[in-house]
Structure formats: structure tokens, C-alpha cells
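Start from the sequences, fold in the hints, and give me the full structure.
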Amino acid sequence: MKFKDYYKILGLAENADLKEIKTVYRKLAVKYHPDKNPEPGAEEKFKEVAEAYEVLKNEGRRAEYDKMRRYGSGSSEGFNVPPDWQSSSGNKQYQSNENDDFSDFFNSFFSDRAKSRRHSQAHSEDLFKGQDFEMELPVFLEESVSGVTKPIEYHVPAPINGQLTKIKKSLNVKVPKGVKDSERIRLKGQGAPGSNHKLNGDLYLIIRLVPHPLFDVQGSNLLLNVPLTPWEAALGIKLEIPTLDGKVKLNIPANCQSGQKLRVKGKGLNSKSGQGDLITVIKIVIPPSTTDETKQLWQQLAEVEKYNPRTEWS
Amino acid sequence: MTDISLHISVNELCEIAGIEKCIIIEMVEYGIAAPISDSQDSEWIFDLESAHWIKKAIKLNQQLLIDWVAISLVIDLMKEKKKLEQENKLLKARLNRID
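For the record, the sequence lines run as chains U and L.
Using the working numbering, you'd call the opening residue of the first sequence number 53 and step up by one each time.
Using the working numbering, you'd call the opening residue of the second sequence number 36 and step up by one each time.
Simulated from the structure, these hints should not be mistaken for laboratory data.
List of simulated lysine to aspartate or glutamate pairs, EDC-like, C-alpha gap at most 16 Å:
id	chain 1	residue 1	chain 2	residue 2
1	U	K60	U	E100
2	U	K240	L	D38
3	U	K317	U	D297
4	U	K60	U	E106
5	L	K118	U	D233
6	L	K124	U	D233
7	L	K90	U	E186
In C-alpha cells form, the structure reads like this:
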């Protein structure tokens, strides 16, 4: 185990007072907080800074740490527990559970749970809750409409023979119908194991809707592009258009514009606020190549039709 | 088959986050989260989105040592950012279909 110099991490002198420690911590915490700093390595740096503050802000823990620092910081090789540390730590209680965000170094010295593991004692006050986990679950749009059962696999840290080891868990999850992108599902007790089954952490699944080849989702409405030729847009047309549950007929009126929206009621997604609609968006497409004959017809049209779409420019 | 839940009670939330109920009441007063209004239970029930913001608020309070007024502002901005990111994602997808 590598020794952690908390003073160096915070850039403080050994005799820094609590006010200085707090000021420096605040500055570094804001700088490296994962909600603010997306740079690689920032989250690790934040954890390191938070760990250092957790120890140095507390008089008892700081005194204990200072003692260890004198004992082990100079060692170029791995750091080991001081021989008399176990007995001297008895009156210094860190009341929170082992913190999975903190390093092995911290958990070895300042976690009650780690102490209990090391001492092989089973006190009732050593009960701890397992860590909650979050993972993303890709769901197809069709599956979100009908509901689906999906198998998932993930790894959680579990204490095995006194060591935190990652174990694989496999579950079948019933995704309820009507789930939306970013919605969360809680699987109670399926996170990391606690000291008894009741205290297992939870697993949170965050729904990620897989982009659909045809439809986009906007709230409870679905958006569908309807490509039309210029003459279909000019003359109007009856079309069969796809929906999530089969095809429906859509009457496109004459002279519709590119970007114009036509609503097909009730063909969107079902949500708490009611049944959504399918919004079709007209997209006028020019044929990629023209024959001499069609070019001649376009020419005739240009001579007959005097419409100027750029009147606003003059 | 694993049981799923889309809600969480205030007592469970307190247990998970390791906080007193009065803290959650304070967060609701600051608008950080809101219990489900049509809940028939006398106990407050939150959807998981609200529970997520409550847990985030607690972390910000502990990690950045800032008060609830500042946290409520930060959470508001984070929610706004998330909404804009989702809108941006949709608009980009729409643009790709036009190209």
C-alpha cells in the first residue's frame, strides 16, 4: 500500500490550521468536482482531495495520521501499518461506513468496517449498507412501448475473505411499458452486498432509448420525416406512412411546404400526460438526376410559374 | 424475475442517504425536489428523478460545503443543462435526417 501525503495533496504546511485547510479544500473541491470538471483525471483528483480533507479536518484523525506520517512517509517501498497503531486507534472512531470513493490507504486506517475486518471481530455496530450502483440500459423504442424483459450483467464489489472482490451478478429485469429516455428504474437490494441482506445497496438502471431509424422522440410525440417529390408536394398525395404499430393512411394536401407538419392523432407514445401523436414533417426532395425530358418540363414550368420565393430580399 | 420500483419513500430515502427527514423537508421547501402530489399515502413518496436530485444535493452539500440556497441554484442550473442537452440531442438527430 502506498502512503498518501494528505498535506502535499492539499498543498499545505504541516502546521496549517483548520481555517486554512477548509479554504484550500473548498477551492480544490470546486476546481475538480466531477459535476463541474469533465477533464480526465479530475474525478480521481477530487476523490484524493476529499479524502485528505476528511482526515485533516478532524483533530483526532489528523493526530493519528500525523503519527503514521512520521512513521511511514519516508519509506520508498510499500507502506505498512505501524506495529502499535491498532492499540492506539481504539479511541478514534470514524463513524461513517467504509467509503468506496476513498483509497485503500484511507479505508485501512479510518474505516470502522476495515478495522473490524482486520481485527476479525463481528460487532453489531459494524453493520454497513452496500453501495448503490447506476448503469445504463439500452432499450429500443418498440420495447419501451410494449414493455420488455431484459437480461443484465454487472459487477459489484463484495467482501470475500476480508478482501473487496468484484463479483458478477446476472438478473432479468422487467422494463415497464411507457419508459422514457433518462428515466430511472430502481432494483432494491441489487447493489453491492451489505453486512446483511436488508442492507444491500440498490441498483439504478438509467433508460437509454436507442435511436430509431425512422422516428425521433419529443416528449410523448413521435416525429417522422415524410420525403416528397416537388410534384407530390404541389399536387397533394395519399400515402401510407409507418407508425410504431403498423401503417396508416395520410392525406397530404396540395401545395404543402418543406418543413410543414401534419399531425396523426394518437400514434405517438403513451405517457402519464396521455397518448402522444405522430408528427409528420414534410421534406421535399429533388430527384438526384434528370433526363433531357424532365429538364425540359422543369424549363416549361419555370417559364409559366412566376413565383419568386426571395421577395423579402428586394 | 427481479422486482423493480419507480418510487421511493421519504423514510427509505433518509436511510439510503443517511440524513434526517427535516433535511429532505428543507430541500422540498427550496424546490430541489417535489414529492408525488397524487400520492395516497400519508408518507411522502418521490419519483426516482427527484430522489436522484436529492442525493446529488446531499453530495454537493457535503463535498463543496455550500448551503441549501446555493445548492438549490446549482441544482436548478444542472436540471436546465440536462434539459438543454436533451433538446440539443434531439435537434442534432433531426438535422441529421434533413441532411
